[in-house]
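Number of protein chains: 2
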Amino acid sequence: MSEKRTELSSLGEFGLIGRLAENIELKHESSVKGIGDDAAVIDQGNHYALLSSDMLVEGVHFDLSYAPIQHLGYKSIAVNVSDIAAMNGVPEQIVISLGLSNRFGLEAVEALYKGMNAAAKDFNVDIVGGDTTASKAGLIISIAVHGKVNKDKVVYRSGGGNNDILCATGDLGGAFIGLQVLEREKQTFLANPNMQPKLDDYQYVVQRQLKPKARMDVIHELNELRVIPTSMIDISDGLASEVMHLSDHSGHGFAVYEEQLPIDRETYNTAVEFNLDPITAALNGGEDYELLFTIDQKDHDKLKNHPDIHFIGHAQPKEKGNVLITKKGNQVELKAQGWNHLSD
Amino acid sequence: MSEKRTELSSLGEFGLIGRLAENIELKHESSVKGIGDDAAVIDQGNHYALLSSDMLVEGVHFDLSYAPIQHLGYKSIAVNVSDIAAMNGVPEQIVISLGLSNRFGLEAVEALYKGMNAAAKDFNVDIVGGDTTASKAGLIISIAVHGKVNKDKVVYRSGGGNNDILCATGDLGGAFIGLQVLEREKQTFLANPNMQPKLDDYQYVVQRQLKPKARMDVIHELNELRVIPTSMIDISDGLASEVMHLSDHSGHGFAVYEEQLPIDRETYNTAVEFNLDPITAALNGGEDYELLFTIDQKDHDKLKNHPDIHFIGHAQPKEKGNVLITKKGNQVELKAQGWNHLSD
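Chains as they are written, first to last, in numbering that gives the first Met the number 0: chain W, 0 to 343; chain G, 0 to 343.
For the record, the hints were derived by calculation from the structure and aren't laboratory data.
Bear in mind that the values here come from a model prediction, so they are computed numbers and not experimental data.
Be a bit skeptical, because a hint or two may be false.
Given that identical chains are not distinguished, each listed pair holds provided it fits within a single copy or across any two copies.
[Claimed, not checked] DSS-like cross-link-like pairs, simulated, lysine-lysine; straight-line CA separation at most 25 Å:
id: 1; residue 1: 197; residue 2: 301
id: 2; residue 1: 197; residue 2: 327
id: 3; residue 1: 152; residue 2: 303
id: 4; residue 1: 212; residue 2: 297
id: 5; residue 1: 152; residue 2: 212
id: 6; residue 1: 120; residue 2: 185
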């Protein structure tokens, strides 16, 4: 008698979540939106509360041989805040659960918290609790973030009309290219521990990997400009993967223009140095924690001069699919090659 | 040049949390209560929201060689709900972050979620989101729970007046004794894999360990009886440890009467079989997830006939300390020997 066993890698993370979500029913009237967006939406009477959580596991999400633990603390908060930003909300409180192996002394934990406190200050969020425990396997950081949003300003993945403009903030692919630089330096160091890492020429991309920002600045600017995106998601798994999510939730397809993809010069040059295609890095790199959103065409003029918001494409009827329009005018089907940790 | 290293075990979990909390400041007016109670308290206008998180790590908090994964799912929700109960609140939403090693197939994750869904039903809470990722080290379950409480009904560890009555729900020590039974059967099995586990005579204590209940039933009954505890905490680390917490937060001492400690007959008999003192198991066992609270003497009559609420002692001036009054009338200083995972 053998028990049936289905490998998780055959489903992938999103397949697994979809499977588990099938059996979940929401009983509370206050549970406005459950699994399936960047954060859950909870009715609090005068406003919505937002709730989201993210776990970072050593050896899966980070490598302490090159990630300074203080930056890791910062990043762990930023990636959570990014989920609240993606709902057009503002984070207010976080709780932090830490699993610590005996490799870590007080000084390491204090350095981690120094980064967490810096991020809490940058993103104006209060650390209000959590749990600290032992771990048999390195460092585990699990954070839940609680935020709020006006009921008439909440933005889901599912909104968005036909012909809406697709926008991306900042630049893309840098975090992935930064990871390549760090991995190379690690291999060089392992081969010859006397070698000093050469990171001077790669400061921007390395920073993108180690200490990403959540784009709360953009959320506040959109609010000031009185622009409410019609749909939004944060770019954690790569642009292509996030475009597919918006497509799945909204029922639209999207056309993305290669020539409009925002790629930093250092990202571009370093990608070329590594024999990587900068466009592929921008489409599939992941971990940039920028925002991807759609706006109604009437809001075009309000954002057209914003230096950090780029019009990269537009919504189109579902049957036209999700495509990249190359510089030569060819259409290539967009494929999500997001980081699938479960298939490692 | 060597870096300073302070072992976490020299501080313990509570020492570490206290140290980290020193550098944290709360900026939001809505952050009513941060680190230092069973849950954070967040002002939502008409009511308070409650937010808490707990992480369970394989090899530290559970052993899948005897914990059925479905029960583990149930327990992971119950221990989080218990933190909301301890604030006199009601849980409404939870988010679940899972770290899964490749040992786990879909069937195992579905069994885990079956237990989670059963607990969500029992405690009337909605699973609204989370995160699923890989883990290099077994199973990690990190849950954050969001609840609510009327502003005039929230209960902290810090309330409570002199001469208040100290109450405990249910019975104590069972979860710890159940763990001893399971550990013994595991050793027997490892020595002879053909042996069948003998658990028939230990069903209650084993259930206390594997599938504890959060005492939401008591919270609802207190509400119906119009009793608001003056202070409260859940009993996760053992009664003595929790009494010390109430004492630290309230500025009172407590007298606990040995003869009033609620101990189930099976717990008692099994403790004796294992050459363990049932009183020590009740005081220091941990993981019972019962509630410990104080009430004003005027509420005595409302609760005196409640079959599952036990008057186990009373508050007293700080200088009288925290003591156990033995059956012979001797006073013994209470010492917290809570489970300190960090000193493993």
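Worksheet item: Of the hints given before, which are not true for this structure?
Response: Violated hints (numbers, rising): 1, 2, 4 and 6; every other hint is consistent with the structure.
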